[in-house]
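Here's the letter readout for the chains.
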Amino acid sequence: MNKSRRSFLKVAGFSVFALSSGIVAQAAVPGTANAKLAPGSYAKGDAALRARRWAMVIDTRKFAGPRDYEPLMEACRQEHNVPSIPDARNIKWFWLDSYEHTFPDDMNAHLDTKTREAAYPLLCNHCSNPPCVRVCPTQATYKMEDGIVAMDYHRCIGCRFCMAGCPYGARSFNFKDPRGFLPNPVPNPSFPTRMIGVVEKCTFCAERLAMGKMPACVEASEGRILFGDLEDADSKVRRALAANFSIRRKPSLGTQPGVYYLI
Amino acid sequence: MLEKLLSAPKTYYVWLGFLLCLIAGCATVYWQQLQTGLSITGMNRDVSWGLYISQFTYFVGVAASAVMLVLPAYFHHYKKFKRMIIFGEFMAVAAVVMCALFIVVDLGQPQRMLNVMLHPTPNSVMFYDMMVLIGYLTLNIIIGWVTLEAERLGVEPPKWVKPLIYLSILWAFSIHTVTAFLYAGIPGRHYWLTAIMAARFLSSAFCSGPSILLLLVFLVRRLTGFDPGKDAVKTLSTIIVYAMCVNVFFYVLELFTAFYSQIPGHAEPIVFLFAGHDGHLAWVSYWMWAAVAMAFISLAILIPPSLRTHPVLLPLALVMLVAATWIDKGLGLLIGGFTPNMYESITPYMPTVREVIVALGVYAIGALVLSILWKIAIGVKQEAGNFSD
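Protein sequences appear in the order of chains P and W. Going by our numbering, the letters in the first sequence line up with residues 1 to 263, in that order. Going by our numbering, the letters in the second sequence line up with residues 264 to 652, in that order.
None of these hints come from the bench; they were simulated from the model. Note that the Cβ used here is the ideal one computed from N, Cα and C, for glycine as well. There could be a bad hint or two in this list.
In silico contact screen, one side only, chain W against chain P (beta carbon under 10 Å); selected entries [stated by the list, open to error]: (1) Val292; (2) Ile303; (3) Asp309; (4) Leu377; (5) His382; (6) Pro603.
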């Protein structure tokens, strides 16, 4: 009996027990899936940037308008071969929306014009308690040890439970073949394109961090987006949060987003 | 018992042939979906589940509803259900097959679906759903087949099947509870985030499932002369009335919480479903109001015993009840869950013709499975003299 079959039987047996004894409610609610690595040794390169919990602070005060975000969005699209599909089935990793849509719980009719009319960047929040990871039936989306919520596009079955689960609309499904909407050759041949029928989203540029580079949008922001270790009291993000008023999207849901906005 | 399929009137084979042609026709559209992806459906980034998942949800309820026959018969020794019970169990089998297929047609990468078992994930409700549905399918096939075989031989069913039957009763509740948990545990979807979801699912299932069963049994009575028994019909329609009353009551509870608390998130999906957006009714609003009307008319007919036993009014009320519950769960549940979307704005969704055709194909497969299983059951009942009073 090989290992994966044994572990399957273990989990299946546990599940049957949990169901028949009525503890399914407790068993199904909390917990996060962790990716199991295939045997062999994996280590981060010497150049890799490390953190206990990566987080982002976006200083929206320093962006004058939507055009200021354009280079950031373009950097993300180029870095990850994100196609532009001009309809409701678009693929979005880093995009803009209004205050009302970004922070629907905080909307107030008499908000100052500047705040109300500004555009705000949206991306995956890389939550500490991510509902998408909780609901994924195959662990195709999982939390890495540095807090990044990552995806395995080859394991995703395209059930879109994560899209229903994500309260931020951060996930996109490839309704169409994305390669048909990309130039040939693709902007960044070193990053994989996705296939039809899988979900994708922002990765906090985990692949760039591994090579010692900051995320593409952070680099393109020229200091207006900070990125660092939330658990390190001396990090840039922690100092910015200590010195400024910040908000997060839908904090009442308990997901603990890792993206902070300075307003 | 399969030989019962060989001695059927010509019309039966014509019916099977028709279903096979229909399935083949719908399969070509599914083939197209495999080639061009789910872009042939009306789903989009904000409304990421649609008709397929809602049909899955509805038919889990239909499958679970077999318990409304099994429970009185085995827990309360209500013998008058015994003749009809096999039809409920076999309908559950057909319904679970449909559920599985509705999930498969909804997947973006269906060839990878076994990943759910290869990488079992106990924190995902979807994993449990797959497990409990497979379990329920197996239980109903075994129980149905073994008890039918016993009936054919004129003996009592073997003792070992009893524990399985008791298990299947609990299991029926579990499948629809787990299906409700798919929705009710998701933060940020206001329409779904309600503790009463599983109870609402069960009550809606326990009125709609037996209604579908009764309607189909009436059809079979016309076609073959099989008589389920007057008392059995009467008792089952009483169960349907109670379940429908509870179902409507539960919905009213939702309305109270949403509109008395006046928390916008709770009320907005319901307002959208019934009143649309910006003064314009959504297409689904017409359906929702039709559902409300049919729910109350069906109750008006079903509650007074004199009307409930009427040979024409009863089927009419059951049709309306099924339509009302189907609209609530098969349209409203998903559309209300995704609208307003994550940005508290409106992204419209309407199933496309091709999406409906693929769903129709799954319906046809369900009908095929049901026709085959019920034909066997009817054949055995005829042979065993358990056919009518």
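For each hint, the structure was consulted:
no.	hint	verdict
1	Val292	violated (16 Å)
2	Ile303	holds (9 Å)
3	Asp309	holds (7 Å)
4	Leu377	holds (9 Å)
5	His382	holds (5 Å)
6	Pro603	holds (9 Å)
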